[in-house]
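There are 2 protein chains.
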Amino acid sequence: MKKMEEKILAEATILPGGVLKVGSFLNQQVDTVFMKEIGEEIADLFGDDEISKILTIESSGIPIAISAGFAMGVPVVYAKKNKSSNISGDCYTTPVKSFTHGDTNNVVVTKEYISPDDRILIVDDFLAHGSALNGLINIVGQAGATVVGCVAAIEKGFQMGGDSLRAKGYRVESLAIVDEMTDSEITFRRD
Amino acid sequence: MKKMEEKILAEATILPGGVLKVGSFLNQQVDTVFMKEIGEEIADLFGDDEISKILTIESSGIPIAISAGFAMGVPVVYAKKNKSSNISGDCYTTPVKSFTHGDTNNVVVTKEYISPDDRILIVDDFLAHGSALNGLINIVGQAGATVVGCVAAIEKGFQMGGDSLRAKGYRVESLAIVDEMTDSEITFRRD
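Listed in order, the protein sequences are those of chains A and B. Anchor point for the first sequence: position 56 equals 55 in numbering that gives the first Met the number 0, and the numbering is continuous, going up by one each time. Anchor point for the second sequence: position 158 equals 157 in numbering that gives the first Met the number 0, and the numbering is continuous, going up by one each time.
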């Protein structure tokens, strides 16, 4: 069984409305010892792919992206959900719908942080409908850079975002894929 | 000269309105090789203080808090700026004014992630007026836990938030203190 699957079974809880709560180790609270192992797992998956940069989206994607960035020795860029006064210059922007929060945000990356020769690994905590990953892929496309692949800590397989990206030819590696979730039981996808 | 001071002189730019832009290494884009060194510097500063947990605030505090958490082997908890549907249960909350964004957010930490026996190191990217650090200190107080100290990557010494906290008896370690900033020159505080 994969590390992330074991951790989910040990620590995650299921909230009403199909929310998988992983606040004790992945967001809200980050288990840095575990995340170091997860970063190394991501580095093993993409170690031969000449990744030049990791791209994620604030906030909950940042811990796992930083963990991967530490293990791979490459910079991490995170898209911001609203343009703030400390973002200057030209930006790439795209709308991203949040199913957790029920709203749509324009996410923003300053142009100078992605260049056409970048080979980008996109990393996020959850992959459900795929809105965030599709938004980040869109931004990499605007920059003329290459999407080498995508990593999600946890994919909700029943919400199809991951399989839809795979059908388009993207390499999507999820550290755990939940294919079914009842109030009391989690079923992971098997190869 | 300290590592953070060197990095600021090499890469930061000054934007109109007194904004120190460090997007190339500290926020927006995170230089993970540099941040690993910074995490180790924080671990050296507080290595003898039996820190049990690091507390920060989303989003730009997360990379430096994770870096310190990796070096110290302790969990990182980050306060969220709005209660979302994946935060369940009782929360500690306090208002924090953002001078960058010009608004006030209620920041939230789920109660289960801080307990009275926790010895907390508070970490953030910037310390200016001290609103974020004071909010996080307030949350630690609500939990009945101990604030061992505070770390800011960059303190704007001329905005007094850091010195005000020191005057109250808190240990505040900033990795660089900018005491003066013109359109073209940065002056760091010397001991």
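Rather than coming from a laboratory, the hints here were simulated on the basis of the structure. Just so you know, these numbers come straight off a predicted model, no measurement behind them. A hint or two may mislead.
For chains that are exact copies, the list does not tell them apart, and a pair is met inside one copy or across any two.
Straight line, CA to CA, 25 Å or less: simulated DSS-like cross-link-like pairs of lysine-lysine [as the list claims (entries may be wrong)]:
id, residue 1, residue 2
1, LYS35, LYS2
2, LYS20, LYS35
3, LYS20, LYS110
4, LYS1, LYS20
Intra- versus inter-subunit Cα pairing at 25 Å for LYS20 with LYS110: Between copies, since 15 Å is at most 25 Å while 34 Å is not.
Intra- versus inter-copy proximity for LYS2 and LYS35 (alpha-carbon distance at most 25 Å): Answer is both; intra-copy 12 Å and inter-copy 24 Å each pass.
Up to 25 Å CA-CA - LYS20 versus LYS1, copy category: within (18 Å within a copy, 40 Å between copies)
Intra- versus inter-copy proximity for LYS35 and LYS20 (alpha-carbon distance at most 25 Å): This pair counts as within: shortest intra-copy Cα distance 20 Å, inter-copy 29 Å.
Checked against the numbered hints above, the structure violates none of them.
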